[in-house]
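This is what each chain is made of:
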Amino acid sequence: DQQVKQNSPSLSVQEGRISILNCDYTNSMFDYFLWYKKYPAEGPTFLISISSIKDKNEDGRFTVFLNKSAKHLSLHIVPSQPGDSAVYFCAACTSGTYKYIFGTGTRLKVLA
Amino acid sequence: GAGVSQSPSNKVTEKGKDVELRCDPISGHTALYWYRQSLGQGLEFLIYFQGNSAPDKSGLPSDRFSAERTGGSVSTLTIQRTQQEDSAVYLCASSLGLAGDVQYFGPGTRLLVL
Numbered sequence: 001d002q003q004v005k006q007n008s009p010s011l012s013v014q015e016g017r018i019s020i021l022n023c024d025y026t027n028s029m030f031d032y033f034l035w036y037k038k039y040p041a042e043g044p045t046f047l048i049s050i051s052s053i054k055d056k057n058e059d060g061r062f063t064v065f066l067n068k069s070a071k072h073l074s075l076h077i078v079p080s081q082p083g084d085s086a087v088y089f090c091a092a093c094t095s096g097t098y099k100y101i102f103g104t105g106t107r108l109k110v111l112a
Numbered sequence: 113g114a115g116v117s118q119s120p121s122n123k124v125t126e127k128g129k130d131v132e133l134r135c136d137p138i139s140g141h142t143a144l145y146w147y148r149q150s151l152g153q154g155l156e157f158l159i160y161f162q163g164n165s166a167p168d169k170s171g172l173p174s175d176r177f178s179a180e181r182t183g184g185s186v187s188t189l190t191i192q193r194t195q196q197e198d199s200a201v202y203l204c205a206s207s208l209g210l211a212g213d214v215q216y217f218g219p220g221t222r223l224l225v226l
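Protein chains in written order, with the numbering used here: chain D, 1 to 112; chain X, 113 to 226.
One or more hints might be untrue.
[Unchecked claim] Using 25 Å as the maximum straight-line C-alpha spacing, the simulated PhoX-like pairs for lysine-lysine come out as follows:
id, chain 1, residue 1, chain 2, residue 2
1, X, K123, X, K169
2, D, K68, D, K5
3, D, K109, D, K5
4, X, K123, D, K5
5, D, K56, D, K68
6, X, K169, D, K99
For the record, the hints were derived by calculation from the structure and aren't laboratory data. Model, not experiment: these values are computed from the prediction.
Construct the entire structure; sequences and hints are all you get.
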């Protein structure tokens, strides 16, 4: 059972436009969510996170939105840059468990 | 300071052989995780160590997989009698051990079982 789903395996966006990456989860006990970015031949690096007490968190060009009722979160990148081309993973966990469940990733390609 | 390091970076082995993968976490990080990423798949949780507590082994796919963490620092993931389906990138991560804390990943070990 895939508790964290990223239904779009790939996404292409023009440079300067908005990139929207989506993530759905099924476990209502999840209360902390993170986004990671992964370049080829490297480990994932942390991008941005959000707690379930918030519905939005912003860091520069990156904003994560959380819709708890829909069990859905999204990552917005504005404006998109070619260097943003990577695989993006969302992850979720429940406080006190320490076990993160990762999605399958979305490959973003930003076209110059 | 140094990040998480893993060795070897690449490993090719024959089916049936045992392999050992090593992870050096960030100094001071009490939590250590192992994940596996198979081709076209997401990150699959394998095992989690936190301080001196008993590890969470719930993600290990079979009893051929085991892991140790010596002295609360370096960890070794051992795969016995490797199978072709074990071919994947094995990623190690460490964190300060607080719930919801950011995990810092190593570059991974690419294992190919022929």
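A quick look at each hint next to the structure:
1. K123(X) / K169(X): Given that 25 Å is the threshold and the Cα spacing comes to 23 Å, the pair holds.
2. K68(D) / K5(D): holds (15 Å)
3. K109(D) / K5(D): holds (20 Å)
4. K123(X) / K5(D): violated (30 Å)
5. K56(D) / K68(D): holds (11 Å)
6. K169(X) / K99(D): This hinted pair holds, its Cα atoms lying about 11 Å apart.
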